[in-house]
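A.B. asks: One-letter residues, chain by chain:
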Amino acid sequence: MRFLGVRALAPEVAHHHPNKRFRNLSGKNRVTFRKYLVLAGVTLCASIGDSLLSRGMKQVGGISLNHLPDVILAVVNPSVALGILLLLGFFASYMTALSWADLTYVLPATSLGYVLLTLIAKFYLHESVTTWRWIGIVLISAGVGFVTQGPALTHHPAKAQANQEYEPARREP
Amino acid sequence: MKQAYTWSAIAVIVLASTTGDVLLSRAMKQVGDVGALWRRSGLWTVLARVLRNPNFLLGVLAMTVAFYSLLFGLSWGDVSLIAPASASLTFVTNAIAAKMFLHERVDHRRWMAAVLVAGGVVLLAA
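Taken in order, these protein sequences are the chains called A and B. Residue numbering for the first sequence follows our numbering, starting at 1 and increasing by one per position. Residue numbering for the second sequence follows our numbering, starting at 1001 and increasing by one per position.
So here's chain A without its partners, still in its complex pose (with noise of 0.2 Å):
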């Protein structure tokens, strides 16, 4: 319930809040729902999409370097071919937040992905999870803790300079 807190600022206000924190969150910069959204697309189809393709090259079997064709048909196979599918989905998410928000911010926010993974290998694949894992899982989760309660957006010339090429309209007069 964080960032709704923040979303109930009048820009106005957020614009001059003492808190650098309120500041960089206020306006474009916000990360709204539907960013969260994005971000869950990144992380749900990178690592559903892995899992699939995992599964589903399983199922064709070997490939030998004398039969290279063999990689064409394997997109015939239904998990291999959803799983393409997802990792398309994944790439066009990845660009869209990459669009309104750091590196530094969508790399850490969508590794929630790697625990998603493990999740999945223990209630799913029945692997066993070691206890060095469930620590990996609780570092993982700590560090998109970090990233998440900053700013998406720090500043950045490039955009401001790309805002003002592509959208004349809005510039202050």
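Be a bit skeptical, because a hint or two may be false.
[Claimed, not checked] Only pairs whose alpha carbons sit at most 25 Å apart, straight line, appear in this in silico DMTMM-like list of lysine to aspartate or glutamate: (1) A:122 with B:1107; (2) A:58 with A:70; (3) A:35 with B:1107; (4) A:58 with B:1078.
[Stated by the list, open to error] Cβ-Cβ distance ranges computed for the label pairs, FRET-style: (5) B:1002 with A:149: 37 to 45 Å; (6) A:128 with B:1058: 39 to 47 Å; (7) B:1047 with A:84: 13 to 21 Å; (8) A:132 with B:1099: 29 to 37 Å; (9) B:1011 with A:122: 28 to 36 Å; (10) B:1043 with A:71: 24 to 32 Å; (11) A:37 with B:1067: 25 to 33 Å; (12) A:128 with B:1001: 28 to 36 Å; (13) B:1080 with A:78: 25 to 33 Å; (14) A:129 with B:1041: 40 to 48 Å; (15) B:1008 with A:59: 31 to 39 Å; (16) B:1042 with A:130: 47 to 55 Å; (17) A:78 with B:1076: 28 to 36 Å; (18) A:122 with B:1040: 40 to 48 Å.
Hints were generated in silico from the structure; no laboratory data involved. Just so you know, even glycine gets a beta-carbon here, dropped at the ideal spot from N, CA and C.
Here the structure of chain A is known, so what remains is to put chain B in place on it, guided by the hints.
C.D. replies: Just chain B now, with coordinates in the frame of chain A:
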């Protein structure tokens, strides 16, 4: 000698994927907020602007190099070393590259996040 090949592959993967991430991020910042642009000008404008951006094309090329380096690396070394080592090192190099080339404000919070996630990825492969 085989270990040297493996670590060389890891170095190339990290370098190429960091370059790719930085170029893609720069490209998308030049394109601007995709959601707003889509609402204003439509999907084709978004696609044309992304696909015509030289940084985007170079970024995809760098990602392709990273992918094939991973394949070469996997033929020389263990996946349990190459995958987590390259993934976790990429988190840290991305933070350095984003600060240097994209001028992002990488504060303590973001450094902590990059290091924690990198450490977590290593432990997941343990």
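A.B. asks: Next, verify each hint and record whether it holds.
C.D. replies: Verification of the supplied hints:
1. A:122 with B:1107: violated (35 Å)
2. A:58 with A:70: Cα-Cα ~13 Å, so holds.
3. A:35 with B:1107: holds (22 Å)
4. A:58 with B:1078: holds (18 Å)
5. B:1002 with A:149: 37 to 45 Å: holds (43 Å)
6. A:128 with B:1058: 39 to 47 Å: Since the Cβ atoms of residue 128 (chain A) and residue 1058 (chain B) sit about 43 Å apart, the hinted range of 39 to 47 Å holds.
7. B:1047 with A:84: 13 to 21 Å: holds (19 Å)
8. A:132 with B:1099: 29 to 37 Å: holds (30 Å)
9. B:1011 with A:122: 28 to 36 Å: holds (33 Å)
10. B:1043 with A:71: 24 to 32 Å: Since residue 1043 (chain B) and residue 71 (chain A) have Cβ atoms about 31 Å apart, the given range 24 to 32 Å holds.
11. A:37 with B:1067: 25 to 33 Å: 28 Å Cβ-Cβ, so the 25 to 33 Å window holds.
12. A:128 with B:1001: 28 to 36 Å: holds (35 Å)
13. B:1080 with A:78: 25 to 33 Å: About 29 Å separates the Cβ atoms of residue 1080 (chain B) and residue 78 (chain A), which means 25 to 33 Å holds.
14. A:129 with B:1041: 40 to 48 Å: holds (47 Å)
15. B:1008 with A:59: 31 to 39 Å: Cβ of residue 1008 (chain B) to Cβ of residue 59 (chain A): about 33 Å, so the range 31 to 39 Å holds.
16. B:1042 with A:130: 47 to 55 Å: Since residue 1042 (chain B) and residue 130 (chain A) have Cβ atoms about 50 Å apart, the given range 47 to 55 Å holds.
17. A:78 with B:1076: 28 to 36 Å: Between residue 78 (chain A) and residue 1076 (chain B), where Cβ atoms are some 33 Å apart, the hint holds.
18. A:122 with B:1040: 40 to 48 Å: This hint holds: roughly 45 Å between Cβ atoms.
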